[in-house]
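Assemble chain Y onto chain L, guided by the hints.
Protein sequence lines correspond, in order, to chains L and Y. Sequential numbering from 481 applies to the first sequence in our numbering. Sequential numbering from 154 applies to the second sequence in our numbering.
Please note: incorrect hints may appear among the correct ones.
No farther apart than 25 angstroms at their CA atoms in a straight line, the calculated lysine-lysine pairs in the PhoX-like style are these [as the list claims (entries may be wrong)]:
id, chain 1, residue 1, chain 2, residue 2
1, Y, 237, L, 583
2, L, 570, L, 614
3, Y, 201, L, 996
4, L, 557, L, 659
Just so you know, these hints were derived from the structure itself, not from any lab.
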Amino acid sequence: MLLASLTAQASPLSAQQVKDLQALVSQLNPIQQAWVSGYLAAAAQFAGQQAGTVAATQVAEASTLTILYASQTGNAKAVANKIKAAAESKGFAVALADIASYKTTALVKEKFLIIVASTYGEGEPPESAVSFHKFLFGKKAPQLPQLQYAVLGLGDSSYEYFCQTAVDFDTKLATLGAKRLHQTALLDVDYDAQASEWQQQALTQFEPLLKAANSAPSAQVIAWPGATDGHHSLYNKQNPLLAELSANQKITGRDSTKDVRHIEISLADSGLTYQPGDALGVYFHNDPALVTAILAATGIAADSKVQFDGAEHTVQQLLTEQLELTQSYPSFVEKYAAATANAALQQLAADKTALREFLAQHQTADVVLQYPGSLSAQQLVDSLRKQQPRLYSIASSQAEVGEEVHLTVGVVRFDNFGQTHLGGASGFLAERLAEGQQVKVFVEHNDNFRLPNHDTPVIMIGPGTGIAPFRAFLQERDNAGATGQNWLFFGNPHFTQDFLYQVELQDYLKRGVLSKLDVAFSRDQAQKVYVQDKLLNKGAEVWSWLEQGAHIYICGDGSKMAKDVHQALLQIAQTHGGLSDEAASDYFEQLRESKRYQKDVY
Amino acid sequence: MTTPQQPTQLPTQHSINPELQVQGALSDNERLKADSHHLRGTITTDLKDEITGGFTGDNFLLVRFHGMYQQDDRDIRAERAEQKLEPLHNVMLRARMPGGIITPTQWLAIDKFATEKTMYGSIRLTTRQTFQFHGVFKPNIKPMHQMLNSIGIDSIATAGDVNRNVLCTSNPVESVLHQQAYQWAVKISEHLLPKTRAYAEIWLDEEKVETTETEPVLGDTYLPRKFKTTVVIPPHNDIDVHANDLNFVAIAENGQLIGFNVLVGGGLAMTHGDKGTYPRRAEDFGFIGLEHVLKVAEHVVTVQRDYGDRVNRKNAKTKYTIDRIGVDTFKQEVEARVGVKFQPSRPYEFTHRGDRFGWVEGIDGKHHLTLFIENGRLLNYPGKPLKTGVSEIAKIHQGDFRMTANQNLIIAGVAAADKAQIEAIARAHGLIEDSVTEQRKNSMACVSLPTCPLAMAEAERYLPTLVTHVEGILAKHGVADDHIILRVVGCPNGCGRAMLAEAGLVGRGPGKYNLYLGGNTAGTRIPKLYLDNVAEAEILAALDGLIGRWSVERQSGECFGDFVIRVGVVAEVKVSKTDFHA
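Chain L extracted, bound-state conformation (with noise of 0.2 angstroms):
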């Protein structure tokens, strides 16, 4: 790759760094950038050793013409497929695929690409192509300066939109800088003469740039690792980045009684970067209703001036931004029991066990809505604790989304005194931060649950939002291309609702990343049926896996599942490792000790 059109975006490096490396290079002689070439990848390899991890190697493939149909009855299809046998009896490497399958992030690395496209109605692009279209117009689309391209057109020209798709892939692709290597042409109904004509034509276009770009001396790239060691980071706890909510999807059903959010945040340009494992820290606004209602409960105006933290502030501005208002603790029951002179509160604070009761039916503002009383402003914001960060796993790996951070956060809301509760965080961002808004946001490293390297199998126990870590983990395999075998289990209540990530899931069982998937869905029989009780039907197999070196990882709640989970691997030790109830026990801790066996739960 040239350093010249080297940018953040095809890189594991932040905008700095690559301004950074190339006026280093700039000073070098080829045979001192060819030494240094060789120092760097011998370090990376030696360091990623160290912390566990072997840097990702990929050989480059050679230059591939990718393919892509958005086919809505199957002719776009039958089209694409006669292009690829054409250019594959030329002799080019092709990749075909239904553009609804089709990662938008590798766009950015495509150099070469056909788009054959039907348009459905009036004018709007095949059920298959609207998330590709959707991202080619949405704020997310990248500049595509390596990429030529040829668009196919097939339509029906009774229509009054006709052939829009793929008009519209043509008109986006030239705007976003990509090259148009041949015309585009918009075919009708009776297409297949001139379908044939088109494909020669632009076949005939590629070839050259194909053969020319596959003659290149194929050198061997060695990656950048994963991410960069992120400890030297300008943010932190004390110093979040202030970043940019980029996608906010539901990803459970309409009918789920769960509320689960893939949540995107950008952090172009920032230098942040994380590895697969690590946490993201997220600081919220809490309800500004919630505000209200605490001051309007308490007499406070909310212009009051208080002092916190060694600055004044408006005391609705603290309660907003600063303050924690949802989680609920002893301490803060005491102090403003006291500072309200309230005797009923008093005497539950006196009761830890009550209290206790209490204050797992109650957030902290219930507590102020249900006792109010009558307290100076100084007084309720020294009775509340600073608002803490909450850490979700993140669900991305930079391998595969660059400068993006994923979570999937699970919206806790319920109903308790005739009034809706949102938890603080998840509410902040699934309802109240619109996308393009900005939310402050720190890396967690968790050294404490990292892939292994890449040839050693993994099993992943993750139901529910416990899948997010693992959905980096694969995304990290599959773009290092690691040969070790991935078991997933995953469960949830309903099937049809709460199968989170499963058109990513079952296209990584479809590719081979993902070896194996077990499911368990425990309100869609009479039998409740949870992960563990999938782990221990295939208990052989999963011990087989244990004594071939597998690393095994549990995320997700730890307070039943995670215990249950073990339980069942204890079982499972004994009943096809034949180890007593002792041994069992001392093998998955040796398993812990040597970081084989890892745990993500809250």
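Chain Y in isolation, oriented as in the chain L frame:
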């Protein structure tokens, strides 16, 4: 339980004239059928796959031969894609019910299943004179077949490239003749069924029998395309003979069935923009006696099996085979294979197609109540618990039910003493509404959105509104008690038989239709394109103008379809191949 092995039956051998076959690379569906091990595929493996609610690869199409279509809720397809969830895959099941007769006991069982185990909770009566379940998720598919089997119903060959559910005129009045004709519908259905044990093995867990299976009638790669058969009792043409590949027109003497005129090669499906496809009427081959019925049925099928186009599926139906090899050649080939000549046709006349609503008394003294079911959709609507109403009737009814090809329901064989009670239940549940107009009773739509994967435009969900508009137009021109046969379909594949309507709307895209005019009341004429790809406003404006003219210019008794042809609004389609796209 093991069924004793059938003696191996070899396929009937006929010398085949390659000049009458279409040469070229076979369509992929032919490979799929050949590779399917007689329709088994890997369906059982897919049933165990917990990662998708759908079927994979060839199985997606193979389940059709078992009477199911994989569908999804299209209303939320895009929403689920955004949610990173696969489409809400489910299956629609179409039962095999020759002649559409179902007992109260069977009805109560299907009612229970529809309520408890389907997404939509409905029973859908269809133009194939049977019922459909819509929205059955994978874990419920096998239990569904086992439930049906326990009440003597199956869904073998109600879809796919086979002979589908055999229709029979719903005429309970002439009970003797109907009973005889109905028995033939059952026998023909059984005779033309696939012989593979795939259905029993896959859905009923019957033991796999090591056997060299053959398909003596359908052939190991089954038929080139779907094939539809009817038994019709003139003067009723409720089953619409010209929509079907093979029709047996009952000829009676002194109220006893003596034989059939055989009509071959009807069919309504076409492809927008492909002028090589068209709806076509059936050809009259002549009369045969009862002793030849099964052999004639078999060999119309085998001639189509051997000479139907297996290269281009869009030209694979019997109607195109007839147009390609010629009526005479086709007929002679059938005669040679059966070993009998068709006699000259016996005279008969079709006069109407609609159902006769309300009570009628049969010659056997039993009473029959025909209920109008809008769109054939039995569901509990607010204030109109139709589905509960039928099940309440089923609990006390001593006769049977007849599903009609117009998607209505007959409570058949009611003793005089029970009439009042049954009518009271029907009225209490909204199954009889005296205010329903003739226009509404003569209007029909296919299922279409949100479940049918082929639908391009709304049909069932749009029909009630459209009919209200047309009722308004009729009233405006002072002909509120008249009607035109009005049919709406979501795509050009023919389920709702719009191509035999006086006014037929065929879906093009969301909110857009082609308007065809000029069918007749008897269902013996194909309509012709009048407006291309237009929205409701244009359709209503056109109908307003034409119905206005019809109301003043029509001759005595002249139906709307005859009128628009006489005055030259559209040209008559006489020979589809040349006239339909002209």
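Numbers of the earlier hints that this structure fails to satisfy, in rising order
2
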